[in-house]
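Peer 1: So the chains spell out like this:
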Amino acid sequence: MADTMTGALRRTLNLARPDDVYNAIVDAHKDLSDAQCRAFDARLILLLANHVGDEAAIREALAAARQSLEEREP
Amino acid sequence: MSTYEYRHYPYLRPAELDGAGARRPVVIVGAGLAGPTLALALAERGVASVILDDDDTVSVGSRSICQAKHSLEIWDRFGVAARMVEKGITWEEGEVYLRDKPVFRFNLQPEPGHKFPAFVNLQQYYVEEYLYDRCLAEKAIDLRFRNKVVGVAPYADGVEVEVETPDGRYMLEADWLIACDGVRSAVRHLLGLPFPGEVFNDQFLIADIRLLNELPKERRFWFYPPFHPTNSVLLHRQADDVLRVDFQLGRDADAEEEKKPENVDRRLRQMFGPDARWEHEWTSVYTFTCRMMERFVHGRVVFAGDAAHVVSPFGARGGNAAIADVDNLAWKLALVLQKAAPATLLGTYCGERRAAARENIQNSTRSTDFITPKFAASRVFRDATLALARDFPFARALINSGRLSIPTVQAGSPLDTPDGDADWARGAAPGQAMVDAPIGDGWLIDRLGRDFTVLVFGKGAKPVPGATLVEVGEEKLARERYDARPGTTYLIRPDRYVAARWRRFDPAAVEAAMKRATGNG
Chain X
750 MADTMTGALR
760 RTLNLARPDD
770 VYNAIVDAHK
780 DLSDAQCRAF
790 DARLILLLAN
800 HVGDEAAIRE
810 ALAAARQSLE
820 EREP
Chain B
19 MSTYEYRHYP
29 YLRPAELDGA
39 GARRPVVIVG
49 AGLAGPTLAL
59 ALAERGVASV
69 ILDDDDTVSV
79 GSRSICQAKH
89 SLEIWDRFGV
99 AARMVEKGIT
109 WEEGEVYLRD
119 KPVFRFNLQP
129 EPGHKFPAFV
139 NLQQYYVEEY
149 LYDRCLAEKA
159 IDLRFRNKVV
169 GVAPYADGVE
179 VEVETPDGRY
189 MLEADWLIAC
199 DGVRSAVRHL
209 LGLPFPGEVF
219 NDQFLIADIR
229 LLNELPKERR
239 FWFYPPFHPT
249 NSVLLHRQAD
259 DVLRVDFQLG
269 RDADAEEEKK
279 PENVDRRLRQ
289 MFGPDARWEH
299 EWTSVYTFTC
309 RMMERFVHGR
319 VVFAGDAAHV
329 VSPFGARGGN
339 AAIADVDNLA
349 WKLALVLQKA
359 APATLLGTYC
369 GERRAAAREN
379 IQNSTRSTDF
389 ITPKFAASRV
399 FRDATLALAR
409 DFPFARALIN
419 SGRLSIPTVQ
429 AGSPLDTPDG
439 DADWARGAAP
449 GQAMVDAPIG
459 DGWLIDRLGR
469 DFTVLVFGKG
479 AKPVPGATLV
489 EVGEEKLARE
499 RYDARPGTTY
509 LIRPDRYVAA
519 RWRRFDPAAV
529 EAAMKRATGN
539 G
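Quick mapping for you: the protein sequence lines, in order, are chains X and B.
The opening position of the first sequence corresponds to residue 750 in this note's numbering, with each subsequent residue numbered one higher.
The opening position of the second sequence corresponds to residue 19 in this note's numbering, with each subsequent residue numbered one higher.
Some hints here could point you the wrong way.
Said to hold, decoys possible - Computed from the model, here is a short list of chain X residues facing chain B with C-beta under 7 Å:
#1 V770
#2 Q785
#3 R787
#4 A788
#5 A791
#6 R792
No lab work stands behind these hints: they were computed from the structure.
Please read all numbers here as calculations on a predicted model, not as lab measurements.
Ideal placement from N, C-alpha and C gives every residue a C-beta, glycine not left out.
Just need the whole structure built from these sequences, with the hints factored in.
Peer 2: If you want it as structure tokens, here you go:
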């Protein structure tokens, strides 16, 4: 989706060290069962949602995640 | 049953059985919480009513126990709230536990300066008894026990009601029929009106017990307590040293098995420990639904309280919403009967109270979904919230064990005059309930008029016809709560909602807003 679309959710890169952050998220799930992954992700989502604080951005992220899941399931 | 003795109120043979009675302006069906409150609010305005109730006693079981501040403020107009506060248990604080540890403590009324507390716990049978006492002393109220409605025939400008009594049937004519006859409303069934909504399958066990040990005063809610490790438990204290213990049983529990005294006692023993002693008052297994009628006004038949909408018990939004319903209805109905407002004014009862019912249903459904998650991911997030709550304050705010009843916002009502001045930092906006504050030696709610009130901060305002003028001086809390500056003016409706507000007193603007608020604009 084009970056020019006005919305609350940032769609361009906002991380100084993207590979490090991506791998930190993935590595944090290592050794967890599927059920533990779900419990872990729920905690992470709640912590990050509160940190973001912007309801419009959160709702846009929810919609974007759902849309990506439905349209582009690899 | 031990602490409460059920009185049987006398059945009196209605005059209609011995010849036609006069047509009545208002016939109310049901003497629960809503019906008698409506009759008192109408009598306050000079409107006589008949209440028809199919039995001859008060609520069997404690049922709706949490009487909210806004309900107490309404009942106080009829002089019955002081009795309720005296008999009941005042509480404002609550504590939420996860397993055996407290995670979250709340105070519903953190600031002083209100005549009434956030909640008084009092069994529904006491509340009804006090309302009945008051109704029976009121000439304008004809409260008839063992008068069961068996037929309803609405026509263009009235309703014919068929009533069954121990002495036979009679017909009663009414200008308006108000159905306050609860979730299984006979009037709604007789008219074949739908009651759409959502059914919840989780079962709960209520055990009202008289505990003969020391009692906690605040509300307590446990998720996964050691004495009931798979589910939740809610504890409330009521009058007469009675405790309400509410165990979530889950969907697959066997209600008859769970209700057996030995099984209830086993749970209570685990909860209160080996030394506790108690007596049983009332035991009930319940499930619940959230439903709302599509319209609350059907010609000359009006629905209020549980007859019109029903919610889960989490948040004390059933009984308290019913009281707000009838207080919204009473002044409008009185104005229409007195030909001071068009009948369309009652359409705003439907609009405002349906908005309130939606808000109540949304709140109680969210609480229900938190307490009894309906799908796997919902439970995962609920448990994540509970787990984070110990270390992260934000997560405590997400714990939803019931968002307790406060007056709903009736935003966008055609009766309200939207803010013209844009510089309001706080205070009750049009569509919100007025807020009490200390004034002189007393309380703002005691200064309000029966009809409209013009609340002016500062001196020099002139009375507006049809409204009570209340001038407020230097009272700090009142000024804060109304974001007041000299000249700040509020127009408060008879049901104590704000209809309009201004930064300066302008009698023409007040009169225009009053016209609008009575459907005459």
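Peer 1: Against which earlier hints does the structure fall short, listed by number upward?
Peer 2: 1 and 2
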